[in-house]
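Peer 1: With the hints as extra help, turn the sequences into a complete structure.
Here's the letter readout for the chains.
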Amino acid sequence: MNRVQKIAWSFVVTISVAFLLSCIAIAILYFKVGMPRALAGLGFLGIAGLGGFSPLIFHTDKGKVTLDERDRLINRRAALAGFGTSYLLVGLVCMIPFFILGPKASISVIWLPNIFGGAGLSMFFVHSVAILVQYGWGRKKT
Amino acid sequence: MNRAQKIAWSCLITVSISLILSIIAVVIFYLIFGMPKALWGFALMSIGLPGGFGLMGIGGLGVFSQLIFKKGQGKVRFDERDQLFYMRAWFLGYCASYLFFVIVCMTTWFIYGPKGTISVNVLPLTVMGGFMTLMLAHSVAILAQYGWTNKGEKS
Numbered sequence: 001m002n003r004v005q006k007i008a009w010s011f012v013v014t015i016s017v018a019f020l021l022s023c024i025a026i027a028i029l030y031f032k033v034g035m036p037r038a039l040a041g042l043g044f045l046g047i048a049g050l051g052g053f054s055p056l057i058f059h060t061d062k063g064k065v066t067l068d069e070r071d072r073l074i075n076r077r078a079a080l081a082g083f084g085t086s087y088l089l090v091g092l093v094c095m096i097p098f099f100i101l102g103p104k105a106s107i108s109v110i111w112l113p114n115i116f117g118g119a120g121l122s123m124f125f126v127h128s129v130a131i132l133v134q135y136g137w138g139r140k141k142t
Numbered sequence: 143m144n145r146a147q148k149i150a151w152s153c154l155i156t157v158s159i160s161l162i163l164s165i166i167a168v169v170i171f172y173l174i175f176g177m178p179k180a181l182w183g184f185a186l187m188s189i190g191l192p193g194g195f196g197l198m199g200i201g202g203l204g205v206f207s208q209l210i211f212k213k214g215q216g217k218v219r220f221d222e223r224d225q226l227f228y229m230r231a232w233f234l235g236y237c238a239s240y241l242f243f244v245i246v247c248m249t250t251w252f253i254y255g256p257k258g259t260i261s262v263n264v265l266p267l268t269v270m271g272g273f274m275t276l277m278l279a280h281s282v283a284i285l286a287q288y289g290w291t292n293k294g295e296k297s
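Chain order of the listed sequences is A and B. At position 109 of the first sequence (counting the first as 1) the number is 109 in our numbering, and the numbers step up by one without a gap. At position 45 of the second sequence (counting the first as 1) the number is 187 in our numbering, and the numbers step up by one without a gap.
Hints may contain errors.
Not the full set, but computed from the structure, chain B residues with beta-carbon under 8 Å of chain A [claimed, not checked]: (1) S207; (2) F220; (3) Q225; (4) Y228; (5) W232; (6) A238; (7) F242; (8) F243; (9) P256; (10) L265.
Each computed BS3-like pair below joins lysine-lysine, with the alpha-carbon atoms no more than 30 Å apart [stated by the list, open to error]: (11) B:K148 to B:K213; (12) B:K148 to A:K104; (13) B:K213 to A:K32.
If you are wondering where the hints come from, they were derived from the structure by calculation, not from laboratory data. Note that the Cβ used here is the ideal one computed from N, Cα and C, for glycine as well.
Peer 2: Pasting the structure below:
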């Protein structure tokens with residue numbers, strides 16, 4: 001695998017583990033302490049931040065040409081896929097509460113930065129998946 | 143001017159006018175009725191008076207420019223240069239609207255604090271503002287690339 005594939009795999013693994021652990025924690029806490037205290041399980045999402053260390057762990061590939069036009073095209077498509085997904089998520093999360101709760105309801109202002117936390121995670125996840133789909137999930141392609 | 147420039151100018155003018163009129167209306171209604179009636183005006187809807195942001199609907203008139211300005215008659219209507227301009231303009235538009243979402247959400251959080259509450263109407267209005275920002279930035283990018291007044295070299 002090249003460096004980009006390894007970094008993409010680390011993001012996919014850390015974000016997936018963080019998301020799964022959060023869901024499990026929220027489910028367990030819901031039965032024990034109920035809502036909204038069960039939302040403390042969202043703290044496990046911090047594990048996803050460990051993926052940010054991967055550019056330091058996986059060093060730049062050796063060789064004269066480290067990034068060619070194909071790599072640039074793959075990165076650009078992956079970035080567009082990630083950006084498009086996070087944009088769609090922001091739009092859906094902004095519109096769905098309006099239809100569910102109705103125009104006379106009010107929400108906690110803490111949800112606004114949380115929307116972007118979710119958008120950021122989804123962007124990194126989709127970007128990494130797009131990288132792996134284009135390069136290959138495990139093969140040695142450059 | 144080519145068709146893209148004309149459409150960009152019409153979107154720019156309609157969105158700018160709607161934004162300016164909305165701000166003026168919100169300021170006037172704020173002095174008369176105070177907040178939040180100045181923004182939403184739901185209580186005023188019963189007597190036929192819209193809130194200040196109702197005037198943003200004028201910005202929607204820019205969409206009719208696609209029907210008003212017909213496609214060119216030549217054999218080549220859209221070449222690679224036009225495609226590149228449109229791609230850059232849409233990319234800039236989406237970046238500007240995303241930045242708008244972030245600024246609105248984070249500014250609200252800083253103003254109200256973590257324990258505050260807001261009306262759920264803020265969320266769809268944020269999406270509407272993002273769309274207006276997208277149209278504005280897209281139009282400006284098209285005009286900056288083709289030229290604001292020159293003939294834009296019809297494709």
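Peer 1: For every hint, state whether the structure bears it out.
Peer 2: Status of the hints after comparison with the structure:
no., hint, result
1, S207, "violated (24 Å)"
2, F220, "violated (21 Å)"
3, Q225, "violated (15 Å)"
4, Y228, "violated (15 Å)"
5, W232, "violated (11 Å)"
6, A238, "violated (12 Å)"
7, F242, "violated (11 Å)"
8, F243, "holds (6 Å)"
9, P256, "holds (5 Å)"
10, L265, "holds (4 Å)"
11, B:K148 to B:K213, "holds (11 Å)"
12, B:K148 to A:K104, "violated (41 Å)"
13, B:K213 to A:K32, "violated (65 Å)"
Hint check: violations occur at hints 1, 2, 3, 4, 5, 6, 7, 12, 13; the rest are consistent with the structure.
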